[in-house]
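S.K.: Please build the complete structure, drawing on both the sequences and the hints.
For the sequence shown, numbering that gives the first Met the number 0 assigns the number 0 to the initial residue and increments by one for each residue that follows.
Treat the hints as calculated values from the structure; they're not laboratory data. Careful: at least some of the hints might be erroneous.
Stated by the list, open to error - Cβ pair distances, simulated, as ranges:
id, residue 1, residue 2, range
1, Phe1, Ile28, 28 to 34 Å
2, Leu3, Thr78, 17 to 23 Å
3, Arg79, Gly54, 33 to 39 Å
4, Leu19, Val77, 27 to 33 Å
5, Tyr25, Ile2, 18 to 24 Å
6, Leu72, Gly26, 17 to 23 Å
7, Ile28, Arg79, 19 to 25 Å
8, Ile6, Thr78, 21 to 27 Å
9, Pro27, Val77, 31 to 37 Å
10, Gly26, Ala47, 27 to 33 Å
11, Leu56, Leu76, 26 to 32 Å
Ideal Cβ placement from N, Cα and C applies to all residues, glycine included.
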Amino acid sequence: MFILWWIIVGLIAGFLTGKLMKGSGYGPILDIVVGIVGAVVGGFIMQALGFAGQGGLIYTILVAVIGAVLLTLVLRLVTRKA
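M.R.: Structure below.
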């Protein structure tokens with residue numbers, strides 16, 4: 000059940016990140032992967048800033064989107080994709 004939760008959050012975060020960032024996305028599967036990895040990155044950032052790791056669905060999606068946006072920026076800088 001836990002893995003399903005991560006996939007759902009990754010799907011939502013990847014979709015929202017694709018809408019927030021200009022340019023083409025990475026496709027449905029890679030958008031989910033970026034969303035999941037973004038959730039982990041966002042979790043580390045929030046923990047480093049001293050925010051609690053517990054929250055509801057909205058908090059989790061918000062953190063995942065923040066991480067996914069940052070991850071997308073880094074990916075675009077590395078691959079030079081506009």
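S.K.: Now tell me if each hint is right for this structure.
M.R.: Checked hints:
no.: 1; hint: Phe1 <-> Ile28: 28 to 34 Å; in the structure: violated (20 Å)
no.: 2; hint: Leu3 <-> Thr78: 17 to 23 Å; in the structure: violated (30 Å)
no.: 3; hint: Arg79 <-> Gly54: 33 to 39 Å; in the structure: holds (35 Å)
no.: 4; hint: Leu19 <-> Val77: 27 to 33 Å; in the structure: violated (19 Å)
no.: 5; hint: Tyr25 <-> Ile2: 18 to 24 Å; in the structure: holds (21 Å)
no.: 6; hint: Leu72 <-> Gly26: 17 to 23 Å; in the structure: holds (18 Å)
no.: 7; hint: Ile28 <-> Arg79: 19 to 25 Å; in the structure: holds (22 Å)
no.: 8; hint: Ile6 <-> Thr78: 21 to 27 Å; in the structure: holds (24 Å)
no.: 9; hint: Pro27 <-> Val77: 31 to 37 Å; in the structure: violated (22 Å)
no.: 10; hint: Gly26 <-> Ala47: 27 to 33 Å; in the structure: holds (31 Å)
no.: 11; hint: Leu56 <-> Leu76: 26 to 32 Å; in the structure: holds (31 Å)
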